[in-house]
Structure formats: C-alpha cells, structure tokens
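Colleague: Residue strings, one per chain:
Number of protein chains: 2
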Amino acid sequence: MNTLFLPELREMLAENNAHDLEEFCTALNPARTAEFMEGLDPAESWRVLRHADLKLREQIFLYLVHEKQISVIESQDRAEVAELLADLPADDRVDLLHDVREEVVEEILPLLPADERRDLLKLREYPENTAGAMMTTEIAMLDEALTVREALTDLSHQAEHLETIYYIYVVDHDLHLRGVVSSRQLVSAIGKQQQRLGELMRSDLITVNALDDREEVTRKVAKYDLLAIPVVDAQRRLVGIITHDDVLDAFREEATEDAQQLAGVAPLTESYLKTDVFTLAWKRGIWLTILFVTASLTATALKVFEARLDEWPWLMLFVPMIMSSGGNSGNQSATLIITAMTTSDVKLSDWRRVLFREVLVGMMLGAVLAAFGLLLSWFMTRNHPVAHHHLLWPLVVPITLVIVVTSGAITGSLLPLMFKRLGLDPAMMSNPFVAGISDILGIVIYMTVSMTLLAKMTGKL
Amino acid sequence: MNTLFLPELREMLAENNAHDLEEFCTALNPARTAEFMEGLDPAESWRVLRHADLKLREQIFLYLVHEKQISVIESQDRAEVAELLADLPADDRVDLLHDVREEVVEEILPLLPADERRDLLKLREYPENTAGAMMTTEIAMLDEALTVREALTDLSHQAEHLETIYYIYVVDHDLHLRGVVSSRQLVSAIGKQQQRLGELMRSDLITVNALDDREEVTRKVAKYDLLAIPVVDAQRRLVGIITHDDVLDAFREEATEDAQQLAGVAPLTESYLKTDVFTLAWKRGIWLTILFVTASLTATALKVFEARLDEWPWLMLFVPMIMSSGGNSGNQSATLIITAMTTSDVKLSDWRRVLFREVLVGMMLGAVLAAFGLLLSWFMTRNHPVAHHHLLWPLVVPITLVIVVTSGAITGSLLPLMFKRLGLDPAMMSNPFVAGISDILGIVIYMTVSMTLLAKMTGKL
Chain A
1 MNTLFLPELR
11 EMLAENNAHD
21 LEEFCTALNP
31 ARTAEFMEGL
41 DPAESWRVLR
51 HADLKLREQI
61 FLYLVHEKQI
71 SVIESQDRAE
81 VAELLADLPA
91 DDRVDLLHDV
101 REEVVEEILP
111 LLPADERRDL
121 LKLREYPENT
131 AGAMMTTEIA
141 MLDEALTVRE
151 ALTDLSHQAE
161 HLETIYYIYV
171 VDHDLHLRGV
181 VSSRQLVSAI
191 GKQQQRLGEL
201 MRSDLITVNA
211 LDDREEVTRK
221 VAKYDLLAIP
231 VVDAQRRLVG
241 IITHDDVLDA
251 FREEATEDAQ
261 QLAGVAPLTE
271 SYLKTDVFTL
281 AWKRGIWLTI
291 LFVTASLTAT
301 ALKVFEARLD
311 EWPWLMLFVP
321 MIMSSGGNSG
331 NQSATLIITA
341 MTTSDVKLSD
351 WRRVLFREVL
361 VGMMLGAVLA
371 AFGLLLSWFM
381 TRNHPVAHHH
391 LLWPLVVPIT
401 LVIVVTSGAI
411 TGSLLPLMFK
421 RLGLDPAMMS
431 NPFVAGISDI
441 LGIVIYMTVS
451 MTLLAKMTGK
461 L
Chain B
1 MNTLFLPELR
11 EMLAENNAHD
21 LEEFCTALNP
31 ARTAEFMEGL
41 DPAESWRVLR
51 HADLKLREQI
61 FLYLVHEKQI
71 SVIESQDRAE
81 VAELLADLPA
91 DDRVDLLHDV
101 REEVVEEILP
111 LLPADERRDL
121 LKLREYPENT
131 AGAMMTTEIA
141 MLDEALTVRE
151 ALTDLSHQAE
161 HLETIYYIYV
171 VDHDLHLRGV
181 VSSRQLVSAI
191 GKQQQRLGEL
201 MRSDLITVNA
211 LDDREEVTRK
221 VAKYDLLAIP
231 VVDAQRRLVG
241 IITHDDVLDA
251 FREEATEDAQ
261 QLAGVAPLTE
271 SYLKTDVFTL
281 AWKRGIWLTI
291 LFVTASLTAT
301 ALKVFEARLD
311 EWPWLMLFVP
321 MIMSSGGNSG
331 NQSATLIITA
341 MTTSDVKLSD
351 WRRVLFREVL
361 VGMMLGAVLA
371 AFGLLLSWFM
381 TRNHPVAHHH
391 LLWPLVVPIT
401 LVIVVTSGAI
411 TGSLLPLMFK
421 RLGLDPAMMS
431 NPFVAGISDI
441 LGIVIYMTVS
451 MTLLAKMTGK
461 L
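Those protein sequence lines, which keep their order, are chains A and B. Counting in the working numbering, the first sequence tops out at residue 461, every number present. Counting in the working numbering, the second sequence tops out at residue 461, every number present.
Heads up, a few of these hints could be off.
Same chains, same names: a pair is fine if it fits in one copy or spans any two.
SDA-like cross-link-like pairs, simulated, lysine to any residue; straight-line CA separation at most 25 Å [claimed, not checked]:
id, residue 1, residue 2
1, K456, E35
2, K122, V104
3, K223, E254
4, K303, M447
5, K68, E44
6, K347, E270
Rather than coming from a laboratory, the hints here were simulated on the basis of the structure.
Isolated chain A, as found in the complex:
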C-alpha cells in the first residue's frame, strides 16, 4: 500500500483545504492518484474525490480497489453517487452494480437518467461471461452517408462522451452494422474532406454476437489483432463494443481460472488473499475429495493383488514410483493439449495426429525412465533371495514403466479431446480423471506385467 501522501491527505481533509485537494486530484495520472488514496477509508476517499471535476472523479474512481468502490456506492449520498454512475462507461457501471446490495441498486436506479437506466437494465440481462456482459454501449457510430468533414465534426462532439474512438463504426439508418473506419484513416483522409464514409469504410468486419462466450471474444481479438470488437445482435444491429482492456482482463481471468482448474481448484471469484478460508477450503475440498475417492480405488486394486504381493513383497516398493510416473506423463499430455486447444492450435479433428504423436513421445519417455528403472530395481533388490537367479525379473519395472508412461500420455491427451467433444470444459474435467485412470492403470499394468514375467520365471526355476 502506498502511504506516502496519507498524512498530508488527512491533514487537508481535516482543514477542508479545497485548493490543495483539488491540486492533488489533478496533478497526477488518475491511476497514481488512486494508488495514493489506498490508505483512506471509503468516506474519506469520497470526500477527496468531490474536489475533482466529474470527468476526473470518474477516472480516479475507476482505479480504486473494487471493495472500496462498492463501499462508496453503498454508503455515500445516493444522488451524488448516481451522478458519478451516470457518467461511467456502461460496462463498468454494470460490473459495479452487480456487486452492490440489491436494495441500494433499487434506490439508485430511479436517480439515473432514463437512457442510462434503460441501458443498465438491458446489459444486466446478458448472462455472465458472454460478449453482451463484457461490452460497453457507448460507441463511436456514424451514418454511412456522412462526408469525412461532417464525420470529423460529429466525432469531435461525440468524443467527450465515449470510452474509445479507436474505430468508428458505420451504420445504416436502422443501426445495422455496415463497416468501419479507423481514426487513423479519418485523420489521413483530412485532405479529402468530401469523401463519404460509405466509400472510405472497410466492410468485411470481424464481429461477435452478444450471446457468444467470453472465450470466443478473446480468441477473435487475439487472432485478428483488434483494438476493439463490435458486438451485434441476431439481426446484425450494432449493440456494443468490447475494448482491448476488457479483453486483456478477461484473458487474465481465464488464464488464472484454467490454471486453478488444472490444479483441481474450483475457480476463485476473488483474489487469493480476499477469498475467506472457508470458501477456499470448499473450492479445494470438492476436487480434493473427488481425487481422494479415485485414489482410494488404488487401495482396492492393491487389495485385489494382496495375495500375490505377499508372495513377492519387493514388488510393493515400486508401486508409488510407477504410479507417479504414469500420472506425471498424463498430466503433461493433458496440459499440452488443453493449452493447445485454448489457442486453437489443436482441434478435435486432429485427434489421430495427437494420438500418434503421444504414443511415440510416450514410448521414448518410457524408454528413458525404463533405463533408470532398471538400475534402480536391480540396486534395490540385489540382496533379495530371488535376485540374480533369472534374467527376467529385473525387466519387470522397466517394461511396466514403458507401458505405464505411454498409456498415461494416451489417457492425458485423449480425455481433454473427449470432454471437448462432449461439450464439457476440458480444463475442468481432465485433471481428476487423468489422475484416477492413470493411477489404476499403473497398478493393473504393473501387476499384470510382473505376474506374467514372474510366472514364466518360477516355471523355469
């Protein structure tokens, strides 16, 4: 926390020093101003912000930490808060009010201008994690019939109220999206002031539908290097845009969620330190219990082979090592395939190629581990009575490792593809299944290989 200016700020507040407080609000980049206010409580923060003009107040407010924003909205004068909210970008307003207590929202709604209220109610209808929920409705939108000169004048009026003019969307009279001109094109065309937007615009546009998933949005923006992507409804009417900063935020959230899911944690909605321990225990407990149930199947499997393990007790020594090698190999494959699917490098139709590669890689990896396994099993059992009597027994662990590592790779790569095919989230489903299946497979393969080889061996002894 940045507490550098905190004493001065508190002093200014105590003195009600309007001049200095105004100076503090205007001197710095709004993000920095917000940083310096971190130590203030919500009421103090609001008292400081009232010394900035509405535009600046809005900018600084957007950089405050989320909890403080909510707390300000819930605790401060409704009319003043409504004035601030009315001026925020539509997408930020929806996100904020989403976390505000419902009775406060009910009190604030009637105080918003009719346009903003209608907007808010409309945006609130879109399900979470859809393009509609991410978008803002403030768009630089111009009629295709305008000339460059008219467009520039029109735009200089709109610019003050807009979150962005990176792209200017060109629409017909029914707001159907027709094309786009960039601000760069417009500035470059200053010399040709009589040209119409309809001629200047590019009409082959990349768009998303309002009900498209958030992942579809990040995928398209990244693929086409867009600054902002227009959102259209089913009739191809322009309803909003999603800007690069929201895409980056969505992308970060997704990456964190995917990482958490891969580690068997139900995604946290808050940051780690802000999530209370009971929620944390719950989000981890669900998957830990599921993983425990699959792991307990290993006990059952071992129980099945108990009589044989009693006969060859040294076999037991290598069970954890073999299981974890299969699990690690499966985990590697699953993560590689899941990240490759996220970036669209691997598609469902590639499954044959994936399978072929994983079998190859699995056998190579298995062979390397087998070499180590051979050394290890010879070393660990060299004093056992059965040792050195037969050529076959030191091969039990190496042969098992090749098969286990390869089947781990196959399971780990095919399960995510299968879950994707079934319409399930591969990141969420794969981990417990890969772990469970490769654990059981590990024991069954080990026991089958050892029993086969040892039966031959005792037959020959």
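Fit chain B to the supplied structure of chain A, relying on the hints for placement.
Modeller: Just chain B now, with coordinates in the frame of chain A:
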C-alpha cells in the same frame, strides 16, 4: 484449413489473371484473405501477393502462418522481399528475421533502406523477452512546441507510416519523453487550434525501460488499462512503444508457458502440433526424469520401513492414496500462490498470512478426507485378524491424512514464495519440488504415525 477458394485461386494463377487476383486481394479483410491462402505453397502465395499494392501486401503477409512467412522470405526474390520488409512494422520485421537463416539475412540487410537497417540492427541487440525486443520504433512523436493545428497536419503526414496513433507522444528537442496526448484529446481540441501540445499533454506517464522484462510490460499495461506503453532508455529518451496486440500475444505466451511449467514441461517455443516429437520428448523428458528421481526416493523410503511393513502388511494398501492426497493438496496450494503472484495479489511480504491461511485450510481439508479415510480403512481391513481388537488402529489413516494434507498445503504455498525470494521462476521450480517433498513426507509421516499408534496398541494387547 480454409480451402473454399483454393481451386479458383490456382486457376487464376495458371491463367495469370491479374484482374481477378487483384480483386481477391482487395475484396476482403486482410486476415480473411490470408486464411483463404492457407492451402497455397509459399511460391504461390507470393505470386498472389504481388497483385496487391505494397500496403495491402504487407497487411496480408503479416497474417500468413509463421512458417510460410519465413519460407517466402528465404525463397523469393531478395529485392522484392526487402521492399516488403522495409515497409513492415519494426517489431514484426525483427521477429521475422529472427527465424530466417542467417545467410539470407546477410543478403537482405544491404537491400534495406539505411534507416530500417540501423533500426533492425539496434532492435536485434535487445535480449529476448525484454521490452526492447517487443517494441516497435515507429512512434507518433511530436514536438511540445507545436500547436494543435500544426500537430494535426504533421500527424496526417505521419499516419500513413505508423503502426498506431492511439497515443501521440510529446518530446523535447533531444527526444526526451515529456508527455502524451491521445488522439481523442487532439480531435476534441479541434476547436482550440492555437493551443500548444505542451499545455494539452498529460505529463505523468507510465513507461517501461527497454531492458525491463516482458512480464513487467504486461503487468503495467493490464494495471493501467493502456493501449500502448512507451519504452524509454536509461536517459528517459523515447526509443519505442509496445502496443496492445503485442501485449496480448505476450500475455498468451506467458500463460501457456506457465501452464506448461506447472505440468512439468519445459515451455515449447512452437505450438504443440508444430513441435517435432523429439523436441517434445526432450522438453518433457527433462522434468519427467527429475520427477522420477524424486519419486524413486519413495522406493528408498519404503525400503527403510520394509521390516515393519512385513509385520503390518495392510499398511501398504493406503500408501498410494496418502501420497496422492498430500501431492494434490500441495499442487493446489502451489498453483493458487503462483497465479496470485503473477497477478500481484500475493507479495513476498504476505508469507505469514499465506502460511496461516494454508495451515487452517489444510487442517479443514485434512479433516474431511480423514472422515472418508476412516470409513475406507475400516472397510478394507475389517477381515484382518488385528482388526476390532483395539480402538487405536482405525485412527492411523485419518490422523496421517490430516498431517499429510496440511504439510502438503504448507510445502505447496511456501516453496513458490521461497523460489521467488531466491530470484527463481516459481512456476518452473515448484512442481517437481512440491511433488518430491510431499511424496517423501507422505511416507515418513504415515510410517511415524502408524508405528507410534501400533506400538501403543501392541503394548496394550
């Protein structure tokens, strides 16, 4: 692959139909044009591209797949390729030539205009994954003494050659960065044409140093919601900018790298399907072998307790289950802490809070698994002769589970913080250590708990 237009394209090439090929190049969004060309070989692609004007040719070329770009540069006429390269954004040019054979680069360099050549040689000096290696040197840069009117005129000349004019940077005569105006501000100020940039500009700027790490760039851009971030040298001279699309790409690469490292795969430099199987086997093999070596320590640990396991053979049944519970808990904690550190939610100084929370969560989770473990161990050993003779024995597995899950959580959360403290990459180092330590801890704790309880028990029998 999009093969819809492939026959038509090939026909046009066979007929040398300049009119239709030109039409094809101009009709669509450049990204889409590139998609339709996916099926063509590099020589065919180049023949198509020659029908687009230089500006458009450049745009379409940038959307071709990387391998085809490299192959075109290496195989086609050097002078024509140099003409294209000279026109590309500086950062893309560097990235491309990075993968082109060195002898081809040597042949192309003399054909580039002096400015671009100097630029290229300068950019190539920055180490990979630094801000300098990500930036482009084409910047909208204006002198602070200009008026709004002069700036707009100047800018309309610059705009054609620039990758972006999202922000216009204001510099003094020595190119020291003084401030920034947005294109929005400039358009809004069209009415005040005599105002000087020095008055209009915002001077509290967020910048990165050319030698800063890529992660620092993505962190700042995400935190401050920037469209582009200026890169300065040690003397605070403006040397380049990094734009949002490069930040998004960097962010995606980092997220994929982190996920791969968490699963014990050395980060791939190419996408999954483009990485040949030997590279893949190598990148997985290193960590799989390290993990195997730590896992083989479990065999050693079991060997130490072999005599006692012979005495109580049912203990063996639960070894894999207990080990995997500790490992899963550690894996969850490690991932939570690593993702929280990536987004700066957890800092090194938070270690006490993290430890406290993990102990609490670990004990709660351990208690839940203990309940299942109690049922399971009672069920699995109900026919063993020793069962039901003493109250203590069914407690062995549950007590072990509580301790193992809690120590897994502690190990998993403290190791990443420790690696960070030592200046190592937590995502890379944590997984094998967490797995190794929690495996060994699992066995040692299990054996200690069981021996203590069983000794009491046999003493009383």
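Colleague: The structure should be examined with respect to each hint, and the outcome stated for every one.
Modeller: Each hint tested on the structure:
1. K456 x E35: neither (73 Å within a copy, 59 Å between copies)
2. K122 x V104: within (19 Å within a copy, 57 Å between copies)
3. K223 x E254: Both: 16 Å inside a copy, 16 Å across copies.
4. K303 x M447: both (12 Å within a copy, 19 Å between copies)
5. K68 x E44: within (11 Å within a copy, 59 Å between copies)
6. K347 x E270: Between copies, since 16 Å is at most 25 Å while 32 Å is not.
Violated hint for the displayed structure: number 1, the only one.
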